[in-house]
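Throw the hints in and build the complete structure from the sequences for me.
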Amino acid sequence: MAEVTKLIHKYLRHDKKFPHVWCPGCGIGIMLGALIRAIDRVGHEKDEIVLVSGIGCSGRLPVYVDFNTLHTTHGRALTFATGVKLAKPSLKVIVIMGDGDAVAIGGNHFIHAARRNIDVTSIILNNSVYGMTGGQYSPTTPYGMRSSTTVYSNIEQAFKISELAVTAGAVFVGRGTVYHAKLLDSLIEKAILKEGFSVVEVIAHCHTQYGRQNRLGTAVEMMEWQRDHAVTVEKAAAMKPVELQDKIVIGILVDKELPVYQDEYEKIRERSKAAAGR
Amino acid sequence: MLLQGNEAVVEGALRAGCRFFAGYPITPATEISEILSVKLPQVDGTFIQMEDEIASLGAVIGASLAGVKSMTATSGPGFSLMQENPGFAIIAEVPCVIVDVMRGGPSTGLPTFPSQSDVMQARWGTHGDHPIIVLSASTVRECYDMTIKAFNFSEKFRTPVILLIDEVVAHMREKMVLSNEDEVEIFNRVKPTVPPEWYIPFEDTPSGIPAMANFGEGYRYHVTGLTHDIRGFPTSRPDEIGPFIARLHRKISQHFSEIQMAEFFQTEDADITIVAYGSVARSAKRAMIEAREKGLKVGLLRLMTIWPFMRSAVEKVLQVSKTLLVPEMNMGQISREVKRVNRGVAKVFTLNKVDGTIITPEEILNRITEVA
Numbered sequence: 362m363a364e365v366t367k368l369i370h371k372y373l374r375h376d377k378k379f380p381h382v383w384c385p386g387c388g389i390g391i392m393l394g395a396l397i398r399a400i401d402r403v404g405h406e407k408d409e410i411v412l413v414s415g416i417g418c419s420g421r422l423p424v425y426v427d428f429n430t431l432h433t434t435h436g437r438a439l440t441f442a443t444g445v446k447l448a449k450p451s452l453k454v455i456v457i458m459g460d461g462d463a464v465a466i467g468g469n470h471f472i473h474a475a476r477r478n479i480d481v482t483s484i485i486l487n488n489s490v491y492g493m494t495g496g497q498y499s500p501t502t503p504y505g506m507r508s509s510t511t512v513y514s515n516i517e518q519a520f521k522i523s524e525l526a527v528t529a530g531a532v533f534v535g536r537g538t539v540y541h542a543k544l545l546d547s548l549i550e551k552a553i554l555k556e557g558f559s560v561v562e563v564i565a566h567c568h569t570q571y572g573r574q575n576r577l578g579t580a581v582e583m584m585e586w587q588r589d590h591a592v593t594v595e596k597a598a599a600m601k602p603v604e605l606q607d608k609i610v611i612g613i614l615v616d617k618e619l620p621v622y623q624d625e626y627e628k629i630r631e632r633s634k635a636a637a638g639r
Numbered sequence: 423m424l425l426q427g428n429e430a431v432v433e434g435a436l437r438a439g440c441r442f443f444a445g446y447p448i449t450p451a452t453e454i455s456e457i458l459s460v461k462l463p464q465v466d467g468t469f470i471q472m473e474d475e476i477a478s479l480g481a482v483i484g485a486s487l488a489g490v491k492s493m494t495a496t497s498g499p500g501f502s503l504m505q506e507n508p509g510f511a512i513i514a515e516v517p518c519v520i521v522d523v524m525r526g527g528p529s530t531g532l533p534t535f536p537s538q539s540d541v542m543q544a545r546w547g548t549h550g551d552h553p554i555i556v557l558s559a560s561t562v563r564e565c566y567d568m569t570i571k572a573f574n575f576s577e578k579f580r581t582p583v584i585l586l587i588d589e590v591v592a593h594m595r596e597k598m599v600l601s602n603e604d605e606v607e608i609f610n611r612v613k614p615t616v617p618p619e620w621y622i623p624f625e626d627t628p629s630g631i632p633a634m635a636n637f638g639e640g641y642r643y644h645v646t647g648l649t650h651d652i653r654g655f656p657t658s659r660p661d662e663i664g665p666f667i668a669r670l671h672r673k674i675s676q677h678f679s680e681i682q683m684a685e686f687f688q689t690e691d692a693d694i695t696i697v698a699y700g701s702v703a704r705s706a707k708r709a710m711i712e713a714r715e716k717g718l719k720v721g722l723l724r725l726m727t728i729w730p731f732m733r734s735a736v737e738k739v740l741q742v743s744k745t746l747l748v749p750e751m752n753m754g755q756i757s758r759e760v761k762r763v764n765r766g767v768a769k770v771f772t773l774n775k776v777d778g779t780i781i782t783p784e785e786i787l788n789r790i791t792e793v794a
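Read top to bottom, the protein sequences are chains W and S.
For this note's numbering, add 361 to where a residue sits in the first sequence, where the first one is 1.
For this note's numbering, add 422 to where a residue sits in the second sequence, where the first one is 1.
Since the hints were made in silico from the structure, they are not lab data.
Wrong hints could be hidden among the right ones.
From the derived model, a few chain W residues whose C-beta atoms are all more than 10 Å from chain S [said to hold, decoys possible]:
1) Leu368
2) Asn515
3) Ile516
4) Ala598
In silico DSS-like links for lysine-lysine, alpha-carbon gap of 27 Å or less [unchecked claim]:
5) Lys461(S) x Lys628(W)
6) Lys613(S) x Lys371(W)
7) Lys407(W) x Lys744(S)
8) Lys461(S) x Lys634(W)
9) Lys597(S) x Lys461(S)
10) Lys613(S) x Lys377(W)
11) Lys719(S) x Lys707(S)
12) Lys761(S) x Lys707(S)
13) Lys608(W) x Lys543(W)
14) Lys707(S) x Lys744(S)
15) Lys377(W) x Lys367(W)
16) Lys578(S) x Lys613(S)
17) Lys769(S) x Lys719(S)
18) Lys775(S) x Lys716(S)
19) Lys719(S) x Lys738(S)
Among the chain W residues that face chain S by a calculated CB cut under 7 Å, a handful are [stated by the list, open to error]:
20) His375
21) Lys377
22) His381
23) Val411
24) Phe428
25) Thr440
26) Thr443
27) Leu447
28) Leu452
29) Glu627
30) Ile629
31) Ala637
Yeah, the Cβ is synthetic: ideal placement off N, Cα and C, and Gly gets one too.
Written as structure tokens, this is what we have:
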């Protein structure tokens, strides 16, 4: 049996009715593949994994895979994940969000989960648009672009999700694209292995909504755009800001050590018991 | 020991087995957070102060799914903010407890003054057609007992349970004796006994309550806020949607006799029955005694369960009393329910106070003499 077939049999739910909800050519499938390969390489048992998601196209991802899966309210995935992780630290908690989830409605939860260094891995599919509701602009829609709610052009500046995560204190931040599938595999693997709040931002295309409204072509053409505009972190370091304006910086943006919340809290438990015993 | 209502909530929660609390500071519920931040780590539990109330209830639901009894505590404004997540806990059938120490509203309102204005928010605050269990407390002792009841009901019926306390009861100090270990009945969620491949997480059972597997115990299943089939997968089939929503209601309605609690004081011969709850029920009891001394046959129906509304208790007093009086620290929230049950049988009078002060026995007594 081919390797991919083995993975499909092992990780996809047999009792879930396919086909999935995503459009043909969508990048979420590539992200899902990368996630499954990363989990398989790390070697976690399926029972140990809790896959949490928010709302939107990316929110539908957990239903197809055979883990403990939790599809929460819009933007709140990280809050549920915080509860799961702190209640049972032996579980490996991975959170899937879209750009709307992570930095619009859930922006507050995102920066605070990073600040606390909760031991969860966040994988954020950034396609610059609210796809499921019909292509409205999101906090990551670039200035000047069109969407269903910016038909005269977007006048807001876009959030840079990875840079935001770095500033908020995430201990591991990596950015990839669905074109650079192998890089994505390795970023997700490293993020899962990292103790503390890790983030992988996945730049993806939504040819159905964002692409159509901005005449960016087919899914393949949009992926070629990712290929042509990606520069590695190392290369970007030597480039001027003006040269980087329309580029996607891919690779590991930060990888550092900070005390992990659940370990710190264990110390609080010991301190509280000592105080009670006095 | 001498305890405050909020302190009694903490003692009750710990006794019930609560080991996870997530909350956001808000007057007049903050003491619950403060004390649990000290006590939970001592018993290997977890306290976390989240960034807002939505996050708090999200974390509580997550912790409960991982198998730990969990709660949050807040007041009206925070309760408003968190309203999307009680709906999630209802549809995904996740046990959890929400304590709402009511203060005057709307909006920021009266942070340090008593009120009973969240009765309808507790019933209908989250969107969609849903059942809900809401309990109340009149005394410090009852804060303890009702917190335990709230956990027991949430675990048994797999649903969020809301405990409404008014600021007076939360901040009042009273003597109370804590139960011995064996006196308190504690209910823990029923777990599946079948092998994982046979487990149907949202199965329709005679009780309406499916067994609940915790995350990480070998039963991998899907939890979603979308309307789902018995396996937990999103569905858009009318023949699956209808029975699912019906079961959510049935699992509460067919256990009314267990959930609905009330006390009857001298209602057997009462011409006038006062229907009250929370701190107002204490004033009502005093007023009832004084009215009896004046020769007026007055009784008291004290509601301990607010929702599902105890229609049977009101119907019982309607067999005797031709006049009902519903005093409340709001513009008339429970009185509407009483009128709905009454359907013109008796005269229903209200006594509403929304000026930030409590309803006194004298005020109730005066109203009794007016309507007698």
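Each hint, compared with the structure:
At the 10 Å boundary, the C-beta of Leu368(W) stays outside the reach of chain S, the nearest C-beta of that chain being 16 Å off. Interface exclusion of Asn515(W) from chain S stands, the closest Cβ pair being 27 Å apart, more than 10 Å. Annotated as non-interface, Ile516(W) keeps its C-beta farther than 10 Å from every C-beta of chain S; the closest such distance is 28 Å. Annotated as non-interface, Ala598(W) keeps its C-beta farther than 10 Å from every C-beta of chain S; the closest such distance is 33 Å.
Between Lys461(S) and Lys628(W) the alpha-carbon distance is near 14 Å, which keeps this suggested pair within the 27 Å criterion. With a C-alpha separation of about 26 Å, the suggested pair Lys613(S) and Lys371(W) falls inside the 27 Å cut-off, and the hint holds. As the CA atoms of Lys407(W) and Lys744(S) are separated by approximately 64 Å, the hinted pair breaks the 27 Å bound. At most 27 Å may separate the alpha-carbon atoms for a hinted pair to count; Lys461(S) and Lys634(W) meet this at roughly 9 Å.
Pair hint Lys597(S) plus Lys461(S) holds up; C-alpha atoms about 21 Å apart against a cutoff of 27 Å. Proposed proximity of Lys613(S) and Lys377(W) is supported: the alpha carbons are some 23 Å apart, at most 27 Å. For the given pair, Lys719(S) sits about 13 Å from Lys707(S) by alpha-carbon distance, which is consistent with the 27 Å threshold. Proximity of Lys761(S) to Lys707(S) is assessed by CA-CA distance (about 21 Å); at most 27 Å being required, the pair is judged to hold.
Of the pairs offered as hints, the one joining Lys608(W) and Lys543(W) holds, with about 19 Å between alpha carbons and a cut-off of 27 Å not exceeded. Distance restraint check for Lys707(S) and Lys744(S): the Cα-Cα separation of roughly 19 Å lies within the 27 Å cut-off, and the hinted pair is therefore satisfied. For the suggested pair Lys377(W) and Lys367(W), the alpha carbons sit about 17 Å apart, so the restraint of at most 27 Å is met. For a cut-off of 27 Å, the pair hint linking Lys578(S) to Lys613(S) stands: about 11 Å separates their Cα positions.
Between Lys769(S) and Lys719(S), the direct Cα distance comes to roughly 16 Å. Compliance with the 27 Å bound is thereby established for this hinted pair. A hinted pair counts as satisfied when its Cα atoms are at most 27 Å apart, and Lys775(S) with Lys716(S) qualifies at roughly 25 Å. In summary, the hint linking Lys719(S) to Lys738(S) is supported, as the alpha carbons are separated by about 16 Å, within the 27 Å threshold. With a cut of 7 Å, the hint placing His375(W) at the interface with chain S is violated, because the nearest CB-to-CB distance is about 11 Å.
Satisfaction of the interface hint for Lys377(W) is found here, the shortest Cβ-Cβ separation to chain S being roughly 6 Å, below the 7 Å cut-off. Below 7 Å, beta-carbon pairs count as interface contacts, and His381(W) has none with chain S, the closest being about 12 Å; its hint is therefore violated. Hint status for Val411(W): holds, given a least beta-carbon distance of 5 Å to chain S, under 7 Å. Checking Phe428(W) against chain S: minimum C-beta separation of about 6 Å stays under 7 Å; hint holds.
A hinted interface residue such as Thr440(W) counts as satisfied when its beta carbon comes closer than 7 Å to some beta carbon of chain S; here the least separation is about 3 Å, so the hint holds. At about 5 Å, the closest approach between the beta carbon of Thr443(W) and any beta carbon in chain S falls short of 7 Å, and the interface hint on this residue holds. The beta carbon of Leu447(W) is positioned within 7 Å of a beta carbon in chain S (closest approach about 5 Å), and the interface hint is therefore held. The criterion of a C-beta within 7 Å of any C-beta in chain S is met by Leu452(W), whose closest approach is roughly 5 Å, and the hint holds.
The criterion of a C-beta within 7 Å of any C-beta in chain S is not met by Glu627(W), whose closest approach is roughly 9 Å, and the hint is violated. The closest approach between the C-beta of Ile629(W) and any C-beta of chain S is roughly 5 Å, which is under the 7 Å cut-off, so the hint is satisfied. Restraint check, Ala637(W) versus chain S: the minimum CB separation of about 5 Å is within 7 Å; hint holds.
This entry does not satisfy hints 7, 20, 22 and 29, going by the numbered hints stated previously.
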